[in-house]
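Residues per chain, in single letters:
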Amino acid sequence: MRRLKEIYEWVNRRVQLQDFVVEETTHPVPRKTASWWYVFGSASFTLLIFQVFTGILLALVYVPSAGHAWNSLQVLNHQLPLGWFLRAMHGWGSNFMVAVVLIHMAQVFLFGAYKFPRELTWTVGVFLLLLTLGMAFTGQVLRFDQDAFWGLGIGASMLARVPWIGGWLVQFMLGGPTIAGATLTRFFALHVFIIPGMLLALVGLHVWMVLKLGINEWPMPGRVVRRSTYIQEYKELVRKDGIPFVPDAVWKDIVFSGAILLAVAVCAFYFGPFGPSGMPDPSIIQTVPKPDFFFLWIYSILAFLPPSLETPFMLIVPVLAVAILVFLPFYAGEGEKHWSRRPVAVLAVMVIAIAWGTLTHLGTYTPWSPHMSAWSSDPVPVEYLEHRTPLERQGAVVFQNKQCRDCHALGGVGGMRGPALDDVATRLTEDQMIRQVLQGGGNMPAYGKQLSPAETTALVRFLDTLHPSGQPAAEDTSQQHGHAPQPASP
Amino acid sequence: MSHQDPVPDEPKKETDSKQDARNLSRRWFLVKLGVAFNAAVGLAVTVPVLGYLLGPVKKHGYRSWISLGAMGTFPAGETRLAEFMNPSGHPWDGMTAKTACWVRHVSEEKFQVFAINCAHLGCPVRWFAQSQLFLCPCHGGAYYADGSQAAGPPERGLFEYPYKVVNGELMIDAGQMPTLANEARLYQIDGKDSKPCVG
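So the protein sequences, as listed, match chains D and Z.
All letters in the first sequence, in the order written, are residues 1 to 490 by this note's numbering.
All letters in the second sequence, in the order written, are residues 1001 to 1199 by this note's numbering.
Bear in mind the hints are in silico, worked out from the structure with no lab data behind them.
Hints are not guaranteed to be accurate.
[Unchecked claim] Interface residues of chain Z toward chain D, partial, derived using beta-carbon atoms under 7 Å:
no. : residue
1   : Leu1121
2   : Ser1131
3   : Leu1135
4   : Ala1142
5   : Glu1155
[To be verified] With a cut-off of at most 30 Å between alpha-carbon atoms, the simulated BS3-like pairs for lysine-lysine come out as follows:
no. : chain 1 : residue 1 : chain 2 : residue 2
6   : Z       : Lys1110   : D       : Lys449
7   : D       : Lys252    : D       : Lys5
8   : Z       : Lys1164   : Z       : Lys1098
9   : D       : Lys290    : Z       : Lys1098
10  : D       : Lys235    : D       : Lys32
11  : Z       : Lys1164   : Z       : Lys1058
12  : Z       : Lys1164   : D       : Lys449
13  : Z       : Lys1164   : Z       : Lys1110
14  : Z       : Lys1164   : Z       : Lys1059
No experiment lies behind these values; they were computed from the predicted model shown.
Note that beta-carbon positions come from the ideal geometry of N, C-alpha and C, so glycine has one too.
Full structure from sequences and hints, please.
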């Protein structure tokens, strides 16, 4: 033991880091910041280091070649002992890292930590978020399966909308005219060199500023940030009620980081690695590409934008959103920090969280997409065929054959692009149905050219039987009038 | 700005005494000279690096005529999936060297060759012969048999490759992923870009 101490001291006399490290780690922090609310930043950092290590371990096997990447993942998943576990930990580590970074951001926002003098810490943090998302996206590309391939196609199609230079940007991003080998090597370089390098450098700066400016104090209602007095007040707070960061506050960081890593490992063990889905063969079109969890909300937004708004939205909103985040501390650098005095801030977080959650949820079952196989795999419910005439049953066959089912559900099964048709007869008269089927409209294609008159008649007769037993089918009032008994003359 | 910023400055180190100010200025001159020299070298190196980085960006370089096979493999009146190899690929492209397209044989030597990519965001559209529609799995874009927009988010019809028939073989002018921005713009189908009807 004494020998070890001698070696340590011999090294320290040469490296001379001990004083610096001791000073920085034992610096006093406000007592109330030794809180479980203050553990997300350190957990993000732990996850980053974890991702670097698991990433390097995967790089021992992964082949960044369009012709071999997918196969090398199969080897990792199925042949190499515990290769699946490493992939799973890197994949789940990625999800946890994005989640923890977002929570960290929401927390520092609600605690007003971006205000004077920590403006730049926040701004660097915004770029750290963007880089983290960049890692998540490029990591998904390296999986190089069908989702990755067509995800790149979506990215290229969005980039192509940039005025004037869109076409160039696409070729620059893809490394050529198509998504192929040159694309994968680019994204490999981004994922393992460029973005991690920037991340580590900016994390260093971010942490450095936290050390130099001090951790954000626990906000109190009425304690207002003023440029002229804040530094003095903070110093006073730390002097009067400070505790050393190590060990009084750091133990919570350590425990939480350990818990997060354990959670990653447990998820990895129980749920396994992400994909790869089908091999990236562009001629296999039986595919339903979908982005990873943290990009589902974007996928959903793109389904709901009106075509005329889409390009401006894609090009302007992201720039605007980043600009708002970057410049937020310069707009609101002073004032109240406590959330109870910042209703707009709390409302903003809630609106964003709810919108994000809703869009992500929609993205998990994509109601806007046709169910491509519903027409051949989901039969018409038997009760919709009972007591029907042969012509009406023929209509049910037309209904299936013409793939109406891909967009319209019956009995709760089928596409959700269009309305479910279980009670369509109560909403539309026969004539209205014919018009809708032949001419389309309201986001439905026109089937006038695809249906013979006999098919149309059969189809509409079938649809006209779709109403609850106690509720009659809708009828045209003008025709009703023709059948109506003459009012008795006075 | 800094005079209003109450963040305390870093403690300043005592600067060297002024006795060798002359030497100092000479050394500073040499430092500046060194920086300028490096800036010049940096610039000289950056230009070729930029050229290297922008290498894949070519204005007209990627398209060529590619055979999809004998005309007879595409029965008249039907729409079939065809595939071809990208003309400007690398040996390590693997299966991504392939590109698929939809060939609609209208009649005799009249064809329509559609890109597989949805005009919305590039996902692969599927042909449904029964309903005579192309449907996109991503956001539900739908197109009629002639490629024109039928429903969903796409703002135009399917991208169409120029084609010709040479010695009974169907050739298309292809080689780059079709997007809304291709300089060598593919045919516009729904007439948005075509000349307005006169009269």
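Right, here's what the structure says about each hint:
1. Leu1121: holds, 4 Å
2. Ser1131: holds, 4 Å
3. Leu1135: The hint holds - Leu1135 of chain Z has a Cβ within 7 Å of chain D, the shortest such distance being about 5 Å.
4. Ala1142: holds, 5 Å
5. Glu1155: With Cβ-Cβ at 4 Å, under 7 Å, it holds.
6. Z:Lys1110 / D:Lys449: holds, 20 Å
7. D:Lys252 / D:Lys5: holds, 29 Å
8. Z:Lys1164 / Z:Lys1098: Roughly 21 Å separates the two Cα atoms, so the pair holds.
9. D:Lys290 / Z:Lys1098: Within the cut-off at roughly 21 Å; holds.
10. D:Lys235 / D:Lys32: With Cα atoms ~15 Å apart, Lys235 of chain D and Lys32 of chain D stay inside 30 Å; holds.
11. Z:Lys1164 / Z:Lys1058: It holds: about 24 Å lies between the C-alpha atoms, which stays within 30 Å.
12. Z:Lys1164 / D:Lys449: Holds - the C-alpha atoms of Lys449 of chain D and Lys1164 of chain Z are around 28 Å apart, at most 30 Å.
13. Z:Lys1164 / Z:Lys1110: holds, 9 Å
14. Z:Lys1164 / Z:Lys1059: holds, 23 Å
The structure meets every hint from the earlier list without exception.
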